[in-house]
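*Asks:* Protein sequence lines correspond, in order, to chains A and B.
Per this note's numbering, the very first residue in the first sequence carries number 1; after that it's consecutive.
Per this note's numbering, the very first residue in the second sequence carries number 362; after that it's consecutive.
Mixed in with the good hints there might be a few duds.
[As the list claims (entries may be wrong)] With a straight-line cut-off of 20 Å between C-alpha atoms, the simulated PhoX-like cross-links for lysine-lysine are:
| hint | chain 1 | residue 1 | chain 2 | residue 2 |
| --- | --- | --- | --- | --- |
| 1 | B | Lys560 | A | Lys40 |
| 2 | A | Lys345 | A | Lys355 |
| 3 | B | Lys542 | B | Lys560 |
| 4 | A | Lys345 | B | Lys451 |
Keep in mind the hints are simulated off the structure, nothing from the lab.
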Amino acid sequence: MSNIKKFFVDRESLAPALVTLFAAIFSLLAGVVLIFIVSKDPVQSTKNFLLAPFLRSYNLYYLLIVMVPITFTGLALCVVYQLRYMSLIVDASLYTGAVVATAIGTLVSLPAGIHPAVAMIASGIVGGLIGLLPAILKIRWRANELVSSLMLNYVFYFLGSFVILYYLRDRSQTILSSMPFKQTFLLPRLIPNTQLHAGFLIAAGFVVLVSIFLYRTRWGYEIRITGANPRFAMYAGIPVTSVILYAHFISGFLGGVGGAVEMSGLYRSFIWQMDPSYAWDGVIVAMLARRNPKFVPLSAAFFAYLRVGADFMSRRGDVAFEFITLLQGMIILILASDKIVNYFKERQLRKQILKNQGGVR
Amino acid sequence: MIHFIAGVVSSSNYWFIVLRSTAPILLVTLGAVITAQAGIMNMALEGSMLWAALVGVIVSAATGSVWLGLLAGIAASVMVALVLGFFALKLDANAVLSGVALNLVATGGTVFVLFALTGDKGISSSLPSKVLPTLTIPLIKDIPWIGKVVSGQNIIVYIAAISVVAIDFILRRFTVGRRIKATGENLDAAKAAGIDPIKIKFFTLVISGILAGFAGCFLSMGYTSNFTSGIAAGRGYVANAAQVVAGGTAVGSIFAALLFGLTDAMATYLQNIGMMPELIQALPYAVTILGFVVVTWVRDRRENERKRKLFASAATKSATKKEKLHGV
Chain A
1 MSNIKKFFVD RESLAPALVT LFAAIFSLLA GVVLIFIVSK DPVQSTKNFL
51 LAPFLRSYNL YYLLIVMVPI TFTGLALCVV YQLRYMSLIV DASLYTGAVV
101 ATAIGTLVSL PAGIHPAVAM IASGIVGGLI GLLPAILKIR WRANELVSSL
151 MLNYVFYFLG SFVILYYLRD RSQTILSSMP FKQTFLLPRL IPNTQLHAGF
201 LIAAGFVVLV SIFLYRTRWG YEIRITGANP RFAMYAGIPV TSVILYAHFI
251 SGFLGGVGGA VEMSGLYRSF IWQMDPSYAW DGVIVAMLAR RNPKFVPLSA
301 AFFAYLRVGA DFMSRRGDVA FEFITLLQGM IILILASDKI VNYFKERQLR
351 KQILKNQGGV R
Chain B
362 MIHFIAGVVS SSNYWFIVLR STAPILLVTL GAVITAQAGI MNMALEGSML
412 WAALVGVIVS AATGSVWLGL LAGIAASVMV ALVLGFFALK LDANAVLSGV
462 ALNLVATGGT VFVLFALTGD KGISSSLPSK VLPTLTIPLI KDIPWIGKVV
512 SGQNIIVYIA AISVVAIDFI LRRFTVGRRI KATGENLDAA KAAGIDPIKI
562 KFFTLVISGI LAGFAGCFLS MGYTSNFTSG IAAGRGYVAN AAQVVAGGTA
612 VGSIFAALLF GLTDAMATYL QNIGMMPELI QALPYAVTIL GFVVVTWVRD
662 RRENERKRKL FASAATKSAT KKEKLHGV
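Please construct the entire structure, taking both the sequences and the accompanying hints into account.
*Replies:* Right, dumping it as structure tokens:
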């Protein structure tokens, strides 16, 4: 009996982990191949790409900083993916959250400590409300949530940059920048003389919170059941509509808070010249984590490692930073392909059967 | 303000720009329509356009021929569609996710290639690429107002118009159109009728790739004369919303694309007189999503109405049957 149980547990957890590992290694190898194709000094570039965090301590801190926003979007997407919804509205939530935080950080005077907290809550609520939109459009008007969220991302991006340009802009600067944040708004640095800020701890806290929420509370359970089988959930008496709505609100809330944390932790004023599009990174982080928040830090770290490597390499060589999106796309394609996933599952199964037979003999 | 807009709307120049900005959207919307009819959502249209725009510029600059550039651009665009087909149909990947992944690859990949070739990340102006020619139509150009709007457009604008007819023919007049619809509506029935759904879906993907190729090349070799990073500006996504507005028909695509084109042209106009560009730029997307929501809502209500009537008539029928039984 225990053999059978172990057998199922192994098959369930090991095969997807193997696919994830395969996708990660494959993308790294593909990256190296690409570097060898375009770079004039491929060995140095490869070294910079793969070993960046270990070559400079600055890069290591940078990796930790990069993890912060993609942890937030990764968590946000874990929640909607648990519902089997494909909304990408968290991009708009994060961007608008950053704009709201900028407004609070520049215009409002509050004591230190409370100031960023207020900004985070306000940004979270605005982000959550934005997160609701595609869900409402889907429930009320059956509009495909992916399409509507992508459209809305454009709308909110333009609205946000409008607000920055016409209400919060520092006109003494030549480049687009908001007025500087008030001192009270800035999050403290964890280690002096580095950029590592307290937002890292906030992100870690949210990982714990979302994990507990999804796997240890009734509401999280309802989200997972609704995602796994909406009809069953309905017959089981779960208020499916409100589950979908609060899941989307939470997802947007996480995005909004992520935007506020970025602003108060990393920057001195709003200087995003374009949409940083952390939602796309969040898609990969959530997919690598297999919708489970507790794996988000790990996959965010891997993804941040890719980003930092690509950044370091592009600064010191002739390979453009954008090559990271090639790897990003490749990872999604591998993880989304059922046949590839099944191949690993079957292989695992075959091994297990052979082993079990051996045991019987 | 209203006075100004009225002035704009009556000017032939405005409508000239409307046709110009509608053409690329129309082409990709047609592509989205034909794949959606076969039951597969081509989310990679954005990526198709980006690669077409870049490859078109590179090849036209390298060979000096704008036509070879166009051909290569279309080939690149079709390649993207085929890769999507390979993952979605052969490896059973989620079509939407793979499409999104291919768009990511395209967004970064085009910049990556552009940088590797020119050392510039933003714009391809260092490449001596050519521009697709404009056409003056002999008789029509002399008609007072209409001539100024319709004649003198880029050749792709006319190709877009022809494509509407072509797709309409494919979907409604040819056997393959019926096969496409059968595949999209009922996969098992289509299989039972001897249709190979995978082949049909690949066919529609190739067609949509060609259409997106025209659109992409137009953006970098007609609408503007350079490739700039992110030149597709979400038009591939807009197409997937417009496809729903179009209701799965080629003629409907015209209206759906015009919805975007009208506001996009208005945005161009208002921007020129110094209206706040950020707010105006959001308009085309906002209007598209509004149209998208309204159309899905109306269609859903009509569907429900139909079902209710069906049930109601079935109920009365069974009721009369019962009455008869009891009457006897």
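*Asks:* Could you run down the list of hints and mark each one as holding or not?
*Replies:* Quick rundown of the hints versus the structure:
no. : hint                  : verdict
1   : Lys560(B) - Lys40(A)  : violated, 43 Å
2   : Lys345(A) - Lys355(A) : holds, 15 Å
3   : Lys542(B) - Lys560(B) : holds, 13 Å
4   : Lys345(A) - Lys451(B) : holds, 18 Å
Violated hints amount to a single one, hint 1; each of the other numbered hints is respected by the structure.
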